[in-house]
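2 protein chains.
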Amino acid sequence: MDFKRYFPIFQWLPLYGRETLISDLLAAVIVTIMLIPQSLAYAMLAGLPPEVGLYASIAPLFLYAIFGTSRTLAVGPVAVIALMTAAAAGNLAIQGSPEYVTLVIVLTFMSGLMLTIMGLVKLGFLANFLSHPVISGFITASGLIIAASQARHLLGLDAEGVNFISVMYGLLSRLNEVHLITLAIGLGTLVFLYANRFWGRHLLTSVGFNPHTADMMSKAAPVLAVALTTFVTWHWQLDQQGVRVVGTIPTGLPPLSLPPLIPQLWTDLFLAAVLISIVGFVESVSVGQTLAAKRRQRIDPNQELIGLGAANLGSAFSSGMPVSGGFSRSIVNFDAGAATPAAGAYSAIGILIATLFLTPLIAYLPVATLAATIIVAVLSLIDLKAVHETFVYSKSDFAAMLATILITLTQGVELGIMVGVGLSLLLYLYRTSRPHYAVIGRLPNTEHFRNVERYDVEVDDRIALLRIDESLYFANSRYLEDVVMDIVINQPKLNHLVLTCQAVNLIDSSALDSLRTINKRLKDSGVQMHLAEVKGPVMDRLKKTDFLDEMSGVVYMSTYDAWKVLHERAEESESEKNSTDKSA
Amino acid sequence: MDFKRYFPIFQWLPLYGRETLISDLLAAVIVTIMLIPQSLAYAMLAGLPPEVGLYASIAPLFLYAIFGTSRTLAVGPVAVIALMTAAAAGNLAIQGSPEYVTLVIVLTFMSGLMLTIMGLVKLGFLANFLSHPVISGFITASGLIIAASQARHLLGLDAEGVNFISVMYGLLSRLNEVHLITLAIGLGTLVFLYANRFWGRHLLTSVGFNPHTADMMSKAAPVLAVALTTFVTWHWQLDQQGVRVVGTIPTGLPPLSLPPLIPQLWTDLFLAAVLISIVGFVESVSVGQTLAAKRRQRIDPNQELIGLGAANLGSAFSSGMPVSGGFSRSIVNFDAGAATPAAGAYSAIGILIATLFLTPLIAYLPVATLAATIIVAVLSLIDLKAVHETFVYSKSDFAAMLATILITLTQGVELGIMVGVGLSLLLYLYRTSRPHYAVIGRLPNTEHFRNVERYDVEVDDRIALLRIDESLYFANSRYLEDVVMDIVINQPKLNHLVLTCQAVNLIDSSALDSLRTINKRLKDSGVQMHLAEVKGPVMDRLKKTDFLDEMSGVVYMSTYDAWKVLHERAEESESEKNSTDKSA
Chain A
1 MDFKRYFPIF QWLPLYGRET LISDLLAAVI VTIMLIPQSL AYAMLAGLPP
51 EVGLYASIAP LFLYAIFGTS RTLAVGPVAV IALMTAAAAG NLAIQGSPEY
101 VTLVIVLTFM SGLMLTIMGL VKLGFLANFL SHPVISGFIT ASGLIIAASQ
151 ARHLLGLDAE GVNFISVMYG LLSRLNEVHL ITLAIGLGTL VFLYANRFWG
201 RHLLTSVGFN PHTADMMSKA APVLAVALTT FVTWHWQLDQ QGVRVVGTIP
251 TGLPPLSLPP LIPQLWTDLF LAAVLISIVG FVESVSVGQT LAAKRRQRID
301 PNQELIGLGA ANLGSAFSSG MPVSGGFSRS IVNFDAGAAT PAAGAYSAIG
351 ILIATLFLTP LIAYLPVATL AATIIVAVLS LIDLKAVHET FVYSKSDFAA
401 MLATILITLT QGVELGIMVG VGLSLLLYLY RTSRPHYAVI GRLPNTEHFR
451 NVERYDVEVD DRIALLRIDE SLYFANSRYL EDVVMDIVIN QPKLNHLVLT
501 CQAVNLIDSS ALDSLRTINK RLKDSGVQMH LAEVKGPVMD RLKKTDFLDE
551 MSGVVYMSTY DAWKVLHERA EESESEKNST DKSA
Chain B
1 MDFKRYFPIF QWLPLYGRET LISDLLAAVI VTIMLIPQSL AYAMLAGLPP
51 EVGLYASIAP LFLYAIFGTS RTLAVGPVAV IALMTAAAAG NLAIQGSPEY
101 VTLVIVLTFM SGLMLTIMGL VKLGFLANFL SHPVISGFIT ASGLIIAASQ
151 ARHLLGLDAE GVNFISVMYG LLSRLNEVHL ITLAIGLGTL VFLYANRFWG
201 RHLLTSVGFN PHTADMMSKA APVLAVALTT FVTWHWQLDQ QGVRVVGTIP
251 TGLPPLSLPP LIPQLWTDLF LAAVLISIVG FVESVSVGQT LAAKRRQRID
301 PNQELIGLGA ANLGSAFSSG MPVSGGFSRS IVNFDAGAAT PAAGAYSAIG
351 ILIATLFLTP LIAYLPVATL AATIIVAVLS LIDLKAVHET FVYSKSDFAA
401 MLATILITLT QGVELGIMVG VGLSLLLYLY RTSRPHYAVI GRLPNTEHFR
451 NVERYDVEVD DRIALLRIDE SLYFANSRYL EDVVMDIVIN QPKLNHLVLT
501 CQAVNLIDSS ALDSLRTINK RLKDSGVQMH LAEVKGPVMD RLKKTDFLDE
551 MSGVVYMSTY DAWKVLHERA EESESEKNST DKSA
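Chains A and B, in that order, are what the protein sequence lines are.
Mapping to our numbering: the first sequence position 551 is 551, numbers consecutive.
Mapping to our numbering: the second sequence position 136 is 136, numbers consecutive.
These aren't lab readings, by the way, just hints derived from the structure by calculation.
Be careful, since some hints might not be right.
A pair counts as met if it fits within one copy or between any two copies, since identical chains are not told apart.
To be verified - Dumping the calculated DSS-like pairs for lysine-lysine here, alpha-carbon to alpha-carbon at most 25 Å: (1) K395 to K122; (2) K294 to K523; (3) K544 to K520; (4) K385 to K543; (5) K385 to K523; (6) K493 to K564; (7) K523 to K493; (8) K535 to K564; (9) K122 to K4; (10) K523 to K543; (11) K543 to K395.
Okay, chain A solo, but in the shape it has when bound (with noise of 0.2 Å):
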C-alpha cells in the first residue's frame, strides 16, 4: 500500500492496455512537437546553450511518469523557472560561461534534493505560505521581465540590464541599431503566433477540419514558425548577414553530469534553490490540481513533490536545468488525450530522438524566432485582470501583490517572491494574532445568549460572558489576555468572567499558560474566571493538567447554568458583596 504511494507508477502500470497506449502516444506525439522549441527557448531564457533545454526534456520525464500523481501534468523547463534560474546563477558567473552551466546543475540538485525531502517529511503545506495575489502579481511581474528581456533578441540588440526598467532603458536609447532583418523575422513570427492563436483554430475548421484537428494543428504553430525561418535563414544564408542564430548543437544523448561538492556554491544557491522549488511546485500543483479535477481524479500534493524532486534530481545528473510542470503544455497534454503519466514518457523518448537526430536541422534556427515564441508564451501570464480584481476585492492583499510586482520589477525575482512570502506571512499573522471573540447576553426569557453589540440583551455588570469564536493557541492567545483585561477595567464592579468555549476545538499549551495567566490576573483583580460549554476532547487535556484546580472558579456544562448561578448568586449577595469588594 505505502509502497504504491510512493510508486505511484504501480497504480496504473498494470492496468495498461492498448486503447491506453494509443492515447497517450498520440498526446505524446503532440507535445513533443510543442516542447522541442519551447526547451530550446527557456534554455535561452535561462542563459543557457539551447541543448541543455532538451536534456531537461528527457530524464525528468521519465522519472515524473514514475513518481509523479498526475495523469496529464508535463513536466521540463518553464519560462519563471528559468528566468529565476538566470537571476540565481547570473549573480555568481557569466552566462553561457562553463562555471554558469556547472552553477546551474548545482541549483537543478539541491531544487531536487529539497523537493524530495519536503515530499517525504510531508511539507506540502509550505506552499500554503504563498498567497494568491502574491504568486499571481510575482508571475505577471516575471512575464512583463521576459518580455522586455527577449525583445532585444527581437531587435537585434545586445543591451543589457539588471531589471526591468534598465533593460527597457537599455532598448530604448539604442533603437537606431535595431537590425532590420531579425526584427522582421521576429515580428513576423510575432505576428504569425499571434493571428494563430486569435484566428488559427477558426481557419483551419473552416477550410474542413474537424475542430479538435485544428485545435491540434494550431498548437504545433511554433513548430512550422520553427521550420519556415530555419529554412529562410539557411537559404538566403541570412547568419552572414547578422541573423543570430542557435548554432552547431552537439548530438548525442544528454552527458552524465555530477554537481560539484563545493560547499560554498551550495550556501549560495542555498536561497535561490529555496524559492525556485516553492514556486515550481506551487505552479506545478495548481496546474496539476485543475486538470485532475476535470476527470474527478485527485493529486498528492506531498508525492507531487517527490516526483518534481526526482524530476530535477534527473535532470541535475543529465545536464539538464531546473524543471517544474508547464501550464500550457500541460493542458495540450490533457486536451489531447493523455491517459496515464506514460504520455510524458513517451514524448522523452520523441526528444530523445530529436537530440540525437535532428540537432543538425537547427543549426539555422534564428534566436529572434525562439524569442517571438517566448514572448507569446509569457504575454499570457500577464494578468492584470487579476491586478484589477484583487484592488476592488481587498486593499491589503492588493498592496501585497502590487509590492511583489514593483519589487520583483525593480529588485529581480528573489527579492521580489521574498518580499511577497513575507508579507503574506506578517498579513496572516496580523489577521490571526486576535481570535474572534463577542462580550454575550441573555435574550430576555430565553436559555439563548447573543453578542452584546448586536442584540438587545440582559447583562449584569458583576459577571462578563466572553464567547471565544476559534481555537486558542499561541498566535491568538496572548491577545485573548489583553481583551479579558479590558474588560476588567471597563466594568469595575466584575466579580465573574465566563469563558464560553463552544467553538474552540484546541488549546495548545501557549494557550494553556495564557489561560494560567488570565485566571492569575483575574485573582488579583477580585474576579473569579469559570469556563463553559467545553468540547470534550479539549476537557480531556484540560483534566491532564492541575489548571482545573488552580482556576478560582469551576466549569459549567452550559452558558446559561453559568448565568442562573452567578445571577442568582450576586443578586442574593448584593449586600454584602458591596461591603468585600475592596478587600478581594
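Model the placement of chain B on the given structure of chain A, informed by the hints.
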C-alpha cells in the same frame, strides 16, 4: 491625545504628588541596592568590563520612564540577553577587547532602532511568533548555559567552551586545579544566598522585623554578600593569593559612545540584533503585563516597544549594553511600592551616584561572588516543571520545546531560538492549514442540520452540504479545494454542493480564487456549487466581483432553504436526471 500615547510620562507626571514620591523613592533605594551587583554581574556574563553594566543602568532607566507604559517594570541588563550578547559579539571579537565593546554598542544601537521602528509601525503582534513552550525551553537552556559558564569563576578555573557540553567537559577534566580560596568564597556566597532565599525572610521575621521589611531586607542579601566578601578579600589581600577580583573601575559619568557606521558590522550583527530585540521584548512584556494586571492597569505592547527601543538607544550612546525588563527586579520594584516609572528614574540616579563615588570600594570584589549571584538568579529560570507539564499536555508542543532546549544547549543560543521560532511557525501553519469543516445532514423533521458523523441525520447522495467553521484565507483555502474534490470523488451521484458559511467572517483574495477554482472543477465534474448563510460583510465584498455570476449555482439564505429547493428538485427530476447524468 496621540502625543500622550507616545510620551506616556505626561499621563502620570501632572498627577505626581508627595505620597507617590515617597513610595517611588523607597522602591528606588531597594532596586538600586539590588541592581548594583546584578549590573556588574551581567556585564561580566556578557564578557564586558563591569562598569558597562552600571552605564546600562542609567540612561536606559531615564528613557524608559519617559516612553514606557509599565508603571513598575525595572529595565537594565538581564541574564538571558547578556548571554545572547556574549554569543553574538564573541563570534566576531575576543571578549573584553575594544572591538568587542564596539560590537556590543552597535548591537545595542541596532536593537534599539529595531524595537523603536517595530513600535512605530505597530508590529507588537510579531511577538506571537514565539510560542510559550519555545520561549520557556529557550530560557531554561540559557539558564543552564549561564550556570555552567559561571561555575568556572566559582571554581577558580579558566576552562573555556563553545557550548554547554564542552564547558561542562572542560570543568570536569580540570577539577584537580580548583583554586580553594576562590571556591570557599564562591561556595560560601552561594550557600548564603540560597539559605537567604529559603529561610532569610522567616529568620528576620522571627527576630522581630515585620514581614514586609524582612522581605525587603532579604532581597538586599546579595549586597551584604558583596560587601562581606569584598572586605574579606581586601583585609587579607586574597587577590595576591590568586583570588580574581573585579579590579579598578573607572569613576565618572558614562562616556558618550557612537556606534560606528561600518556596513559589514551591521550586516554581521543584524540577525543577533533581531533575536535579542524579540526575546527582550517578549520577556519584558510578559513581566509588565503580569504586574500591571495586579493593579488593574494596562500596558500598551506597541508603546512598550518604543520604550524598550529608547532605553536601548540610550544605552548605545552611553557606552552600555542591551537592556530589557528584568523579572526579579521588576517584582521587587512592584513589591516595594513603586507607583510610577519615576521610581526607575530615581534608581538611575542611585546608580549614577554609585558610578561616581562607590566604584573604588568594589575593586576588591571577588569575581566568584558575582558568579554566585548570577547562578542563584538564573537557576530560578530553569523551569523543569514546565517541561514536564508540556510533555503531559501536548506532545507536539513538547517536541518544539525539547528541540529548542537541545539545540540551544549544543549549538548555542542563536540557532536555538531560531529553530524554536521556525518550529513554532511550522506547527502553527500546519495546524491552521486545514479549516475546520463538517459534512452536515438534516435532523429529521426540523430545520436544523448537524454533522453526519455524529448525528443520525437525513442525507441525499445527490446533494452535499459542507459547513465551513472558519474564515477562509490563503493558508487554509487550498485544503478546502481538496476537501470538496474528495466529496465529489466519493459521492458519484453528486449534482449539488452547498457551502454553508455562517462561521466565515472573511474570504480573502486567495480564498476567493479557491472558490472560483472549486466552482470550475465542480462544473467540470457536472456538479453545481451553491452558497448558504453568507454573512452580510462577506456578501458585500463578493458582490464587488463577478464570482456570483460565474458560480454555477445560487446563494441561499439558509441551509434549510438550500436543502428544500435542491432536494425537492432532485426528487422531481429523478428519472430525467438519470438519463442526462453522462452528458453533464
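Practice task
Compare the structure with the hints numbered earlier in the document and write down the numbers of the violated ones, lowest to highest.
Solution key: none
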